[in-house]
Amino acid sequence: MTDATPFTRPKYVGTPVRRLEDPRLLTGRGRYAADIQLPRMVHLAIVRSDQAHARIIGIDTDEARALPGVIGVFSAADFAHVPDIRAPSRMPNYQATSCPVLARDVVRYVGEPVVAIVAVSRYIAEDAAALIDVDYDPLDVAVAAREASDPAAPRLHEELESNTVFTRRFSAGDCAAAMDAAANTVSGQFRLTRKTSMSTEPRAYVAEHDVGKDVLTLYGSTNVPGIVRDAIGRLLELGGNRFHVVAPDVGGSFGGKGSLYPEEVIVSDLARRLERPVKYVADRMEELTSGSQAFGEEVEATLAFDDDGRFIALDADILGDVGAYSIYPWTAALEPVQVAGFMPGPYRIPHFSATVRGVCTPKPPTGPYRGVGRPMAVFALERLVDKAASRLGIPPAELRRRNLVNAEEFPHRTGSGIVWDRSGFQECLAAACSAVDLTALQAEKARRTDKWVGVGVASYAELTGIGSRISVAPGMPMNTGAETAAVRIDSTGAVSAVFALASHGQSLETTLAQIVAEELGVRPRDVAVVQGDTALAPHGTGTYASRSAVIGGGAATKAARALAVKVKRVAATLFGVDPSDVQTGNGDIFVPGTNHSIDFPELARLVYSDMSTLPQEARETLEVQETYDPVFGTTTSSTHVAVVEIDPETLHTSLRQLVVSEDCGKLINPMVVEGQVHGGVAQGIGVALLEELKFDDAGQPITATLADYLVPTSAEVPDIDVVHVETELPDNPGGFRGMGEGGTIGAPAAIANAVADAVAHLGVEVNSLPITPNKLHALIAAASRQEGQE
Amino acid sequence: MTGKARITLTVNGEPFEAEVEPRMLAADFLRDELGLTGTHVGCEHGVCGTCTIMMNGVSARSCLMLAVQLDGAEVQTVEGLGTIRDMHRIQEAFHEHHALQCGFCTPGFLMTVCDILESLPLRTDAEIRDALSGNICRCTGYDHIVKAVRTLVDERDGAAS
Numbered sequence: 109m110t111d112a113t114p115f116t117r118p119k120y121v122g123t124p125v126r127r128l129e130d131p132r133l134l135t136g137r138g139r140y141a142a143d144i145q146l147p148r149m150v151h152l153a154i155v156r157s158d159q160a161h162a163r164i165i166g167i168d169t170d171e172a173r174a175l176p177g178v179i180g181v182f183s184a185a186d187f188a189h190v191p192d193i194r195a196p197s198r199m200p201n202y203q204a205t206s207c208p209v210l211a212r213d214v215v216r217y218v219g220e221p222v223v224a225i226v227a228v229s230r231y232i233a234e235d236a237a238a239l240i241d242v243d244y245d246p247l248d249v250a251v252a253a254r255e256a257s258d259p260a261a262p263r264l265h266e267e268l269e270s271n272t273v274f275t276r277r278f279s280a281g282d283c284a285a286a287m288d289a290a291a292n293t294v295s296g297q298f299r300l301t302r303k304t305s306m307s308t309e310p311r312a313y314v315a316e317h318d319v320g321k322d323v324l325t326l327y328g329s330t331n332v333p334g335i336v337r338d339a340i341g342r343l344l345e346l347g348g349n350r351f352h353v354v355a356p357d358v359g360g361s362f363g364g365k366g367s368l369y370p371e372e373v374i375v376s377d378l379a380r381r382l383e384r385p386v387k388y389v390a391d392r393m394e395e396l397t398s399g400s401q402a403f404g405e406e407v408e409a410t411l412a413f414d415d416d417g418r419f420i421a422l423d424a425d426i427l428g429d430v431g432a433y434s435i436y437p438w439t440a441a442l443e444p445v446q447v448a449g450f451m452p453g454p455y456r457i458p459h460f461s462a463t464v465r466g467v468c469t470p471k472p473p474t475g476p477y478r479g480v481g482r483p484m485a486v487f488a489l490e491r492l493v494d495k496a497a498s499r500l501g502i503p504p505a506e507l508r509r510r511n512l513v514n515a516e517e518f519p520h521r522t523g524s525g526i527v528w529d530r531s532g533f534q535e536c537l538a539a540a541c542s543a544v545d546l547t548a549l550q551a552e553k554a555r556r557t558d559k560w561v562g563v564g565v566a567s568y569a570e571l572t573g574i575g576s577r578i579s580v581a582p583g584m585p586m587n588t589g590a591e592t593a594a595v596r597i598d599s600t601g602a603v604s605a606v607f608a609l610a611s612h613g614q615s616l617e618t619t620l621a622q623i624v625a626e627e628l629g630v631r632p633r634d635v636a637v638v639q640g641d642t643a644l645a646p647h648g649t650g651t652y653a654s655r656s657a658v659i660g661g662g663a664a665t666k667a668a669r670a671l672a673v674k675v676k677r678v679a680a681t682l683f684g685v686d687p688s689d690v691q692t693g694n695g696d697i698f699v700p701g702t703n704h705s706i707d708f709p710e711l712a713r714l715v716y717s718d719m720s721t722l723p724q725e726a727r728e729t730l731e732v733q734e735t736y737d738p739v740f741g742t743t744t745s746s747t748h749v750a751v752v753e754i755d756p757e758t759l760h761t762s763l764r765q766l767v768v769s770e771d772c773g774k775l776i777n778p779m780v781v782e783g784q785v786h787g788g789v790a791q792g793i794g795v796a797l798l799e800e801l802k803f804d805d806a807g808q809p810i811t812a813t814l815a816d817y818l819v820p821t822s823a824e825v826p827d828i829d830v831v832h833v834e835t836e837l838p839d840n841p842g843g844f845r846g847m848g849e850g851g852t853i854g855a856p857a858a859i860a861n862a863v864a865d866a867v868a869h870l871g872v873e874v875n876s877l878p879i880t881p882n883k884l885h886a887l888i889a890a891a892s893r894q895e896g897q898e
Numbered sequence: 009m010t011g012k013a014r015i016t017l018t019v020n021g022e023p024f025e026a027e028v029e030p031r032m033l034a035a036d037f038l039r040d041e042l043g044l045t046g047t048h049v050g051c052e053h054g055v056c057g058t059c060t061i062m063m064n065g066v067s068a069r070s071c072l073m074l075a076v077q078l079d080g081a082e083v084q085t086v087e088g089l090g091t092i093r094d095m096h097r098i099q100e101a102f103h104e105h106h107a108l109q110c111g112f113c114t115p116g117f118l119m120t121v122c123d124i125l126e127s128l129p130l131r132t133d134a135e136i137r138d139a140l141s142g143n144i145c146r147c148t149g150y151d152h153i154v155k156a157v158r159t160l161v162d163e164r165d166g167a168a169s
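Just so you know, the sequences run in chain order A and B. Take the first sequence: its letters are residues 109 to 898, numbered as in the working numbering. Take the second sequence: its letters are residues 9 to 169, numbered as in the working numbering.
Chain A with its partners taken away, still in its complex shape:
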């Protein structure tokens, strides 16, 4: 008997467990919102503004209403009972915008919803949309943020004092004096153009009203079901017991499905009014013109340093093009203010000063996107670091080594007030650089004439798993710092773990199962992770901001640990031993070295069904709910190294090598971590080389298809080397740090530095991303013209 008793418990955390969500997704048996078909379901199409800024004179809906199959045509007046969407902020001198679910009187970007049409099929709804005639009186536009920030510029919101909706200043030390006294400074004007998250699944929503029970359910491609439930609940005056938001399988978000959208409110309201399920599926053009957008920032910055390369002061002026409306719930401050917040990076910079402004422009609202603020901050700072290195003739990696916060200096408070806890800043730099033969590359660079070769390094740190003491979005009056896990063993002995998270590619059904399995002593496949349904979890916001592993994983660790204590206590009574003698593992509960062993179904039977074996007081409910709030957050650090080759004829930049070293604490599943890094880096390649949403002078989007908005394909992305660095583990239940966004934070800067290195001999600098062949050509032509004039 004793031979069969396992003594060593299998380890699940830290092993590449194959994903539990895969089989359904691989066989076409997943269920995404657009896959949902319900009896009597009707379909929504939206007429969107074709003007960037205009007054609505009239809307002629007669022909559309007369079309057979059309059930209803709705404009702003039909939603008078729904309050405008407003994202409040605690920031002083912040002006919140009012966003009606359908444009009322004025449209403020091309793509803004104006008329909603419901018909028996999507085809007929779109036929009807083509019959709607909206009469506009165009208003003046200031399309570029700098132009819009001029007090004399046409105002987008008449009720606001200006297009500048917030200004915030950061200051530490005496930046101006330190700048004046410094031996050296380098400056630059840096820009990240607008981009979009472009998840492959377009947004889709289906709302169903159970009239008999008066329960409304919104199935939606969202990564923040809890936030959507709370927001629409308030707008439509529905309690959470009458309104549920379900995120089924969701086809990526990267931030684009992380805000409240008017369409979510519209389908929810119409499903109740029409007493029929209502479905809306965005097409790609709608996604590219009305999904939340990213970046759109300019940073003018100066770095001061001494002759040994020690950083002394950093000054930054940041202008954010926030679009027409302040996005809910994150506010317009989300991106630009975090650019300022993360600007000092992972370095010791005693003096810091930054001014950041957000300006409304007649473009779609900007919202969260992978990396939030950090891609811009890291790009600007890391370009300055390379410029400083070049000024002093110090190798870029060496200059970083001299300035990165050292192991013994943690916790380190940056000039913007962020506190870095111990993370492998120096270790990541060393690991990434040792994976690349920098000396050989320098030799090759000098030798090659057919290609311009460049190497770029970028180091950064990010705050992940942010707790309740810090707003995930600056000034946002909403606590996103906690998550709850409810882990239960039912009467069949099966384990469920319920979360308010909403996995949309992050593999949470596997990684959270690994954590619960590890702590409870079952196998990962024995644990059903339930998430993405507000009916099942009273509070929790969702999956975003590199928080799910730290906060959700922390809650899972706490809850499963507490449940294991209960399990052992019950088993100890049964075996007549001390609870500390009982162990669990691989689905068994046992006392090592004895023949005391039962499995979870037997334990559940004894507790829930058998009324004689255990005394009543020992029959504990096998269920634990725990909440985890990290209060602050934990620091993830990384260094990226990029090697590029540029064809002097075509100016095509190809990435030859990309190395990422990262300290993300304890790895739950190394295979999943690698996948997250690869995907983040691929999007970073898009930021650096390809992805740009363009608007003409009238505010018309000119990148409304995937033939115009280019994203990386397999041909543009190289093999990516990932080096895991583990230093001291962070002080949270699982020892995890968040890492879902990092790839997109470091890669743009590393690639920009590599391209800059490759073209340095031409007197060209890389200050704006993406750096496309066209832009490179213009820069080289300008540089050679200038040389000709000199």
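These aren't lab readings, by the way, just hints derived from the structure by calculation. Beta carbons: idealized from backbone N, C-alpha and C, even for Gly.
If you anchor each label on the Cβ, the simulated ranges turn out as follows:
no.	chain 1	residue 1	chain 2	residue 2	range
1	A	Pro-259	B	Ala-134	52 to 58 Å
2	B	Gly-11	A	His-189	38 to 44 Å
3	B	Ala-13	A	Val-638	42 to 48 Å
4	B	Ala-134	A	Glu-731	50 to 56 Å
Using the hints, position chain B against chain A.
Just chain B now, with coordinates in the frame of chain A:
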């Protein structure tokens, strides 16, 4: 909007007859009329490859075709590739290599891989990357997809892995 057209086709080995509007997209027909929602729609203009199906043994974009063009065709969708209990080797390779995250683009990739494994030598990873470049994945950065396909090519060619 005018009359409907009658089409006869085979999908995943099962014969179907249907009356469709001439303007109905093949992707919408498979998803909404036949309930085969494993074929996803990502862009409706033929760029992303998410809606890729096999038609008469060759990969095709079901968002760029009309249902009437499926008349007489033999169509295979992801549902016909393998089941949860009995996955196709391509599906297994994607599972082993963590070649999917959100899974939305995955059916399109799987159908493309069906085609390229039959039709292309795929000697180098660069050739694999080139052959996959008509399908967009936003999650994986392609690295694990390329590794999965490399494994499949090696198995096909009898190479020692």
